[in-house]
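These protein sequence lines are chains A and B, in that order.
Here our numbering is used: the first residue of the first sequence is 1, the next is one more, and so on.
Here our numbering is used: the first residue of the second sequence is 1, the next is one more, and so on.
No wet-lab data here; the hints were simulated from the structure.
Bear in mind the structure is a predicted one, so any value in this text is a computation, not a measurement.
Where is the CB? At the ideal position from N, CA and C, for every residue including glycine.
Among the hints, a few may not be true.
Claimed, not checked - Computed from the model, here is a short list of chain B residues facing chain A with C-beta under 7 Å:
id	residue
1	A49
2	T51
3	G54
4	T83
5	L103
6	V118
7	P136
Said to hold, decoys possible - Residues from chain A shown here face chain B by an in silico Cβ test under 8 Å; the list is partial:
id	residue
8	A29
9	P53
10	V93
11	L116
12	S120
2 protein chains.
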Amino acid sequence: VTDPIAAGPPPPGRAEAEVRAAHRRYYAAFERRDLDLMSDVWEHSDRVACTHPGWRTLHGWGAVSGSWFAIFGGPQQLQVILTNEEVEVAGDVAWVTVDENLLDVDGSGTVAALHLFVRSDDGWRLVAHHGSPVAPQPGPHIE
Amino acid sequence: VTDPIAAGPPPPGRAEAEVRAAHRRYYAAFERRDLDLMSDVWEHSDRVACTHPGWRTLHGWGAVSGSWFAIFGGPQQLQVILTNEEVEVAGDVAWVTVDENLLDVDGSGTVAALHLFVRSDDGWRLVAHHGSPVAPQPGPHIE
């Protein structure tokens, strides 16, 4: 297996830069609790899926937008520091893995996230988000 | 938003059936603790990503295969009942959401999973897996 650091990242193409920008818009919407911006990030279709940490997977833009409405209406204001952002583009689809390092009044924690984007005529739209809390001491345990 | 049940699923095409079969192979490998079969399911590349429940995201086939080696060498034998399997195909990429209802001697639990497959000359290969435990009482909380 090639060491990804030794091999070096591929030169960022236009698609990768576009996906990276879309990914940042997602987190701008999240930090600002901006439902309009979050709405712009997502594809509005029945095929979208969103799994918030600890939640069941939500399907369809109606359910997903409702979850953001509930989350943005909640009491918690979060700051997010992103690390380990990795972007992969395969034709008109791209996926991004990132660690969300969340800071709030109660402390901090890390959420591992996977995002899937599909290119449309209007640019890259998010079709799947999956976030899950990283345990303080991960190790080889049950799947 | 259209009710997916009322609208009816699209007729399963060849690609969707192939993805569904690849998805089932993943769970066959998981239940049988079969590293060779699991190896066949995944793309062997640096771009693959795997997030086991509670773990940090692993990148590259080397790290991912090592995690399966560790998990399959562990003590826990699991039975998995899959529910809510949803397959979406977009060109040469497909994603699948599913609930893994896990049964073992310690009890049961549900893991929400997202899988991303990319079509190669040899068929559909898994490039990303993300699984996260579903809390017993999910609701509108942080992220």
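Hints versus structure:
1. The interface hint given for A49 (chain B) holds, since its Cβ lies 5 Å from the closest Cβ of chain A, which is under the 7 Å cut-off.
2. With a least beta-carbon distance of about 5 Å to chain A, the hint placing T51 (chain B) at the interface is held under the 7 Å criterion.
3. Nearest Cβ of chain A to the Cβ of G54 (chain B): about 4 Å, under the 7 Å cut. The hint holds.
4. Hint status for T83 (chain B) relative to chain A: violated, with the closest Cβ pair at about 10 Å, above 7 Å.
5. Hint on L103 (chain B) is violated. Least Cβ distance to chain A is approximately 12 Å, over the 7 Å limit.
6. Interface hint at V118 (chain B): satisfied, since its Cβ lies 6 Å from the closest Cβ of chain A, which is below the 7 Å cut-off.
7. Nearest Cβ of chain A to the Cβ of P136 (chain B): about 9 Å, over the 7 Å cut. The hint is violated.
8. For A29 (chain A), the interface hint is violated, since its Cβ never comes within 8 Å of a Cβ in chain B; the closest pair sits about 12 Å apart.
9. Annotation: P53 (chain A) was flagged as interfacial toward chain B, and the flag holds, the nearest CB pair being 6 Å apart, inside 8 Å.
10. Checking V93 (chain A) against chain B by beta carbon gives a least distance of about 4 Å; that is within 8 Å, so the hint holds.
11. At a threshold of 8 Å, the smallest CB-CB gap from L116 (chain A) to chain B is about 6 Å, leaving the interface hint in force.
12. The closest approach between the C-beta of S120 (chain A) and any C-beta of chain B is roughly 10 Å, which is over the 8 Å cut-off, so the hint fails.
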